[in-house]
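**Q** Sequence:
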Amino acid sequence: MKRVDRLRIRHDDEIAKLMETEAGQAEYWRRLDDECHQSPLIWLLEESLELEGDVIECGVYRGGSTRLMGRRMRDLAPGKRLFACDSFEGFPQDRILDADLGPFRFRFKIRRKFRHAMDVPGRLIAFFDTYRVNGHVVKGFFSETLRRMRRRKYCFMFIDCDIYESHLDCLNVLYDQLVPGGIVVFDDYAEPKWPGASRAVDEFFADQPVKPEQLMLGRKSVWFVRKPQAEQQPAEIYEPLLLKRA
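Quick note on the numbering used here: the sequence shown kicks off at 3 and runs consecutively.
It is possible that part of the hints are untrue.
To be verified - Quick list of in silico lysine-lysine cross-link-like pairs, BS3-like style, CA-CA up to 30 Å:
| # | residue 1 | residue 2 |
| --- | --- | --- |
| 1 | K155 | K222 |
| 2 | K141 | K155 |
| 3 | K19 | K82 |
The set of hints was computed from the structure by calculation and includes no laboratory data.
Could you put together the complete structure from these sequences and hints?
**A** Laid out in structure tokens, this is it:
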């Protein structure tokens with residue numbers, strides 16, 4: 003296990019310890035609120051919550067973004083559901099393609115990433131229960147789980163799944179379920195470490211009327227697409243109703 007993984011697990015253990023008391027729970031809730039105010043992801047989420055539909059996150063890892071979104075949704079849209087989708091055991095080994103490789107980004111290294119997250123579903127469920135967040139963990143590879151999710155409408159999608167084929171799985175299955183005006187955020191777009199992410203997004207939107215945009219908030223930024231609103235009826239349809247001058 004890499005040092006960065008050990009540090010993240012230690013941080014989660016500290017949060018779990020903090021949440022053992024009511025005072026600790028209140029303190030952690032306040033910390034999350036402070037983080038929300040500094041997050042461009044949460045700014046875009048807030049814009050979407052007035053629309054129809056739920057919220058879905060594809061790629062959770064340790065659940066940091068899940069908790070932030072759950073924090074804001076509990077306040078602004080407690081009736082909406084938050085779906086946190088991940089295998090929690092790394093990437094599907096046979097779906098890492100040449101498109102995902104780059105300088106010092108070898109296939110064998112990618113295969114070993116994000117495998118230390120089997121404890122996360124339990125931690126997230128405890129978080130949802132403690133703070134009465136309408137959250138749901140969906141465990142499994144996207145190719146197996148997302149088709150069950152296409153029966154719902156979504157106002158907001160957060161895609162943080164790193165590799166080419168996982169991005170296409172999410173977009174091909176879920177983008178049609180995003181309501182007009184809804185937003186999809188891409189955590190790994192334009193990220194040199196994950197070239198497959200940009201390639202997948204660019205290919206998917208090549209024939210679409212929208213392209214990824216960047217939102218900056220201080221030193222933080224995110225790339226996103228806002229789904230176009232439904233087209234209005236052409237003006238000539240209403241022409242017979244217009245009064246004509248003599």
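**Q** Hint by hint, note whether the structure agrees.
**A** Hint check results:
1. K155 - K222: At roughly 29 Å apart (the allowed maximum being 30 Å), K222 and K155 satisfy the hint.
2. K141 - K155: holds, 20 Å
3. K19 - K82: Within the cut-off at roughly 28 Å; holds.
Every hint from the earlier list agrees with this structure, and none is contradicted.
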